[in-house]
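Student: Using the numbering used here, the first residue of the sequence shown is number 2, and each one after it goes up by one.
FYI, nobody ran anything at the bench for these hints, they're computed from the structure. One or more hints might be untrue.
Unchecked claim - Each pair of labels, with its calculated beta carbon distance range:
| # | residue 1 | residue 2 | range |
| --- | --- | --- | --- |
| 1 | Glu27 | Asp294 | 17 to 25 Å |
| 2 | Gln151 | Gly243 | 14 to 22 Å |
| 3 | Lys538 | Ala143 | 31 to 39 Å |
| 4 | Ser444 | Lys322 | 20 to 28 Å |
| 5 | Gln544 | Glu399 | 39 to 47 Å |
Unchecked claim - Under the rule of at most 30 Å between Cα atoms (straight-line distance), these lysine-lysine pairs were calculated in the BS3-like manner:
| # | residue 1 | residue 2 |
| --- | --- | --- |
| 6 | Lys291 | Lys89 |
| 7 | Lys36 | Lys18 |
| 8 | Lys85 | Lys36 |
| 9 | Lys291 | Lys85 |
| 10 | Lys431 | Lys53 |
| 11 | Lys412 | Lys18 |
Note that CB positions come from ideal geometry on N, CA and C, so glycine has one too.
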Amino acid sequence: MKTDIQIAQEAEMIHIKDVAAQLGIEEDELELYGKYKAKLSNELMERVKDEKDGKLILVTAINPTPAGEGKTTTSVGLGQAFGKLGKKAVLALREPSLGPCFGIKGGAAGGGYAQVVPMEDLNLHFTGDFHAITSANNLLAALLDNHIQQGNVLGIDPRQVIWKRCLDMNDRVLRNIVVGLGNKMDGMVREDHFVITVASEIMAVLCLAEDMADLKKRLGRMIVAYNFEGKPVTADDLQATGAMAALLKDAMKPNLIQTLEHTPAIVHGGPFANIAHGCNSVRATKTALKLADYVVTEAGFGADLGAEKFMDIKCRMAGLKPDAVVLVATIRALKYNGGVPKSELSSENLAALEKGIVNLEKHIENLQKYQVPVVVTLNSFLTDSKAETEYVEQFCKERGCEFALSEVWEKGGEGGVALAQKVLETLETKDSRFAPLYEDSLSLTEKIETVAKEIYGADGVTYGPAAMKELKRIEELGMGSFPVCMAKTQYSLSDDQTKLGRPLGFTVNVREVYVSAGAGFVVAITGAIMTMPGLGKTPAAYQIDVDDDGVITGLF
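All chains, please: the whole structure from these sequences, using the hints.
Tutor: Okay, structure coming up:
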């Protein structure tokens, strides 16, 4: 059986200008990065801004196994299937982070015969957007420490520096570090921290900014520290905004590539959904809606994370309205949620499936709270048995949910035609009455508790003393109207990754809170979630290599 990278490397790509032509994009409206990648120009986005919007379809999932359950694969396959049916469709996806590529999860280009290509470029460096974000983040950190060193006119309290450096790699030893060691000229000694680039506030800012003016406003109001009087110090105060914006000038432009079947794919931005807001950029999604009749987008991890943040943060801020949601499940993940070890997921086990399917049930209920039509799709694996598949289909139908089997990994667009037809039927017969889960006017604790109770199924929320103190300060600063971005494990509906299925009788513990004033949301960190992941005992990096001809192997 061919690996994902072998399939991708054997694909015959067409020139990116021909991919763009499918969407009515002229060659001079592209900024080319070789033959198969391009950025969409500001001129294009200005030209199409008054066009009618297409239909927006969100792809999300149940709580996954550590290997992921093919949400991107399903998104890509659905886009390809629309093409098979003669529909004008475009994908709007996130860019992959290097951390998971070299860690456990692999890349984020889809899989099998439902991939976006060039796969190696996308997963490794792409068009440099993440490097630009990393550089802008660390420029701000350097300017902050330099200001303290050069006299500290702003009176920054070194014990209240909240801006962290970042790196797009899983590197646990950088979570908590000491900087400024050496002599007096090497800076002030203080504790510092790193986050992974996809958790940087600049990633969130770039993904939520409407244009350059909005980007600069958001960058400027990011809080980097507090002074000795307890007042916030911003990037504007450090005179950092212009230089950061200059570094992000090209990263602001969405990227265009193609699927294995030449469906256009706009890939831009990549915040993680377990520690950030988990959606591609507003610019990419809004541009996609002007260019095609059907836009397939995704939100990271399970619907308790990515979809909740897509609805309550991205759609709220950008004025977007999803027309339908595709909820991806797999037999493997349902059995995993039923307590089956990872090593035994390939064997038929109807008892475990019956036990774990309550996870799917909860996600269906959650999505229906947003009043958007839901289609459940089962991402097919070769190890699935007929009895297991029939059980899931019957379960969905009993709960009034549309159902379709997806075989896109094995068959590409052809394997997604049944799903595409079910989505089209849903769009034609059911109206979306989308509304966010909570109102802006609620207090921050009320918003956190609404998500915890309504989406996770918790009995309540407990707060660490530091979290309560910070919530009070944020509301005193006039930011209590912000939505909340919950940082939580992706493996469970609760904040404890060992509680699989549909946990009951638990509370969520918020141990840390901080405001992303530029992004416009408040982050609540729960459980043991880390904003800088670590590598496992056998990282995927061990398998990756490149031969004498420059051909990469082992990337998946």
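Student: So, for every hint listed, does it hold in this structure?
Tutor: Checked hints:
1. Checking the proposed 17 to 25 Å range against Glu27 and Asp294 shows it holds: the Cβ atoms sit about 20 Å from each other.
2. The hinted window of 14 to 22 Å between Gln151 and Gly243 holds, with their beta carbons roughly 19 Å apart.
3. Restraint check, Lys538 to Ala143: a C-beta distance of roughly 34 Å satisfies the suggested window 31 to 39 Å.
4. Between Ser444 and Lys322 the Cβ separation comes to about 26 Å, which falls inside the hinted range of 20 to 28 Å.
5. Gln544 and Glu399 have their C-beta atoms about 42 Å apart, which keeps the hinted 39 to 47 Å range intact.
6. Proposed proximity of Lys291 and Lys89 is supported: the alpha carbons are some 11 Å apart, at most 30 Å.
7. For the proposed pair Lys36 and Lys18, the alpha carbon gap of about 8 Å is at most 30 Å, so the pair holds.
8. With a C-alpha separation of about 24 Å, the suggested pair Lys85 and Lys36 falls inside the 30 Å cut-off, and the hint holds.
9. A C-alpha spacing of about 21 Å is found between Lys291 and Lys85, which places the hinted pair at or below 30 Å, so the restraint holds.
10. Taking the CA atoms of Lys431 and Lys53, the gap is near 20 Å; set against the 30 Å cutoff, the hint holds.
11. Taking the CA atoms of Lys412 and Lys18, the gap is about 26 Å. The hint holds against a cut of 30 Å.
Against the hints set out earlier in the document, no violation occurs for any number.
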